[in-house]
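Student: Read off the chains here:
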Amino acid sequence: MQSNWIGCWALFIKEVRRFYSVVVQTVFAPVVATLLYLLVFGQVLETQIETYSGLSYSQFLIPGLVMMAILQNAFSNSSSSLIQSKMHGNLSFVLLSPISPFEFYIAFVAASIVRGILVGVSILVVGMIGFDLSWQSPLWVLVFAVLSAAMMGGLGVLAGIISDKYDHLAAFQNFVIMPLTFLSGVFYSIHALPGAWQKVSHFNPFFYMVDGFRYGFFEQSDVSVYLSLSVTILFLILISAINLILLRKGVKIRQ
Amino acid sequence: MSEVPAVKFNQVKKQYGNLMALKGVSFSVEEGAFFGLLGPNGAGKSTLINAMSGLVIPTSGSIEIQGYDVDRSYRQARRLLGLVPQELIADPFFSIQELLELQSGYFGLKGPEQKAWIGELLERLALSDKADSNTAQLSGGMKRRVLIAMALVHRPRVLVLDEPTAGVDVELRKTLWEFTRELHQQGHTIILTTHYLEEAEALCDKVAIMQSGEIKALDSTVALLSRHSYRYLRVSLSEPAGGLITPLQARLVEKEPNGLVFKLEKTASLTQLLSWLHESQLKVSDVSSRDVSLEEVFLDLTSEGRV
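First to last, the sequence lines map onto chains A and B.
Whatever position you read off the first sequence (first residue = 1), add 1 for our numbering.
Whatever position you read off the second sequence (first residue = 1), add 225 for our numbering.
The hints are simulated quantities; they were obtained by calculation from the structure and are not laboratory data.
Note that the structure is a prediction, hence the values are computed from the model and not measured.
Backbone N, C-alpha and C define an ideal beta-carbon position, used for all residues, glycine too.
Treat the hints with caution; some may be incorrect.
Stated by the list, open to error - Here are the in silico distance ranges between beta carbons for each label pair:
#	chain 1	residue 1	chain 2	residue 2	range
1	B	GLU481	A	ASP168	50 to 60 Å
2	A	PHE176	B	ASP294	38 to 48 Å
3	A	VAL127	B	GLN240	47 to 57 Å
4	A	ASN175	B	SER364	34 to 44 Å
5	B	GLN240	A	LEU239	22 to 32 Å
6	A	SER22	B	LYS340	13 to 23 Å
7	A	VAL127	B	LEU244	50 to 60 Å
8	B	GLY344	A	HIS169	50 to 60 Å
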């Protein structure tokens, strides 16, 4: 069956223009909120928390906060767009078109990556002005930023599909995404945790994304960067496969 | 006329929990037809239309648009079909122009020719001066026109209008009638669902009446109307009516302030009626007759008796 990449591109552009039309809410607000975290936690915990050797706590914190913002905003983009489109009924404009489930998914995930990276870069730029931050392996930084944003964009699509109302999505965001990002080692190295909590952290996929991303800056990490890459790719494939099955079957969107 | 039907439904079933919304619907709509799909609320019209458009996946059965299966060959099928949905949908993030350009993009269409077509649609639907307005700020009638433009943006061969004139004023209704007639004359196959049965009677050359997920009747509008072998006679009176003789009493369907309406077999002679009127000593000032309407056929066929 022939492809419709023009259609996929149009949907991607629509999704980017959607969040850009409310840029204060979708980009500036998360940047300011994250910088407040940096200001408050960086100042208060500067001498309290032990991180990698040769690094101040603020230097350690910035990549974690950047990744946290990428994860949360990539998730928000696809999930809120889908639930809004479902609620307003305008999702049918896309569903009536010859866009395949795969093209639909790619467009939503790509737009989520753009928003996640845009917020992440904005925080990073401000962070680099105030703090001495080096990039030991920029390629790892880019790889983890893109793959993690894609995974979270995919998770947002999944949440948007299965949610019937805003309340369901809020529950997903507050009871799944928020705890997993806050407990992913953004604010600390898991080596600083007690043994049992260290083990629990290894079951949190977001931990690998934060840890791998941080490796790109310092070439130091809690676990091997290859393990982090494998876990991130595995989750991306898993979430994508679930989404494509649901989209193909039309679950909760073609009913 | 092509031998491949514009739309072909084959044993289409749709189940929602314990509710069977469509109970194995099978029929075809010929290419170039102006087809009316009628039925009371909850009959399954919108489910059937949504299944045809890919907005609902049937539990079983198949649907083809000009020979293309809406599931297996969905890209071709969707390119051939335009749907004007019943709900007044808007997208608060975009203007009319932007929405039409995006919708064109979804169908893989772009370039100056497509831009010109969008301009033509805006012009034809009297939306040009509102092209940069946000769709969420438009009136109901404007939103309806935008939805028609959206459905036509990829020049579909089959246009489905789900209650297009619901809640619109008389003037816009007339404009929409003219516009759909024009599209039909240009060769589009039109499928219309409506609660206004006089609309279906005036526009459609073929009609299907649905009830409880099934097709109750499917025929040309003329044939459906001629199935009923009676007509109505309105007798205007210059003085109030007294008693009626038995044959008239049996045929009386309505009492009006200055007249009576009788349902009369088409075979019954007018002379006989006049004789009965004379016997009943009625002061008749006028007699007029009319044939059965689609609404009456519809009410006869559907047990609910309401649209």
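Student: Given the range 38 to 48 Å, decide if the beta-carbon distance of PHE176 (chain A) to ASP294 (chain B) lies inside it.
Tutor: holds (42 Å)
Student: Should the hint that GLY344 (chain B) and HIS169 (chain A) are 50 to 60 Å apart at their CB atoms be regarded as holding?
Tutor: violated (42 Å)
Student: Tell me if the beta carbons of GLN240 (chain B) and LEU239 (chain A) are separated by a distance inside 22 to 32 Å.
Tutor: Holds: the Cβ-Cβ distance is about 31 Å, inside 22 to 32 Å.
Student: I want to verify a distance hint. Is the separation of the beta carbons of VAL127 (chain A) and LEU244 (chain B) within 50 to 60 Å?
Tutor: holds (56 Å)
Student: Return holds or violated for the Cβ distance of GLU481 (chain B) and ASP168 (chain A) against the range 50 to 60 Å.
Tutor: Given range 50 to 60 Å: holds, Cβ gap about 55 Å.
Student: Has the hinted range 34 to 44 Å been met by the Cβ atoms of ASN175 (chain A) and SER364 (chain B)?
Tutor: Given about 38 Å between the Cβ atoms, the range holds.
Student: Regarding SER22 (chain A) and LYS340 (chain B), is the given constraint of 13 to 23 Å on their beta-carbon distance met?
Tutor: holds (22 Å)
Student: Given the range 47 to 57 Å, decide if the beta-carbon distance of VAL127 (chain A) to GLN240 (chain B) lies inside it.
Tutor: holds (55 Å)
Checked against the numbered hints given earlier, the structure breaks only hint 8 and satisfies all the rest.
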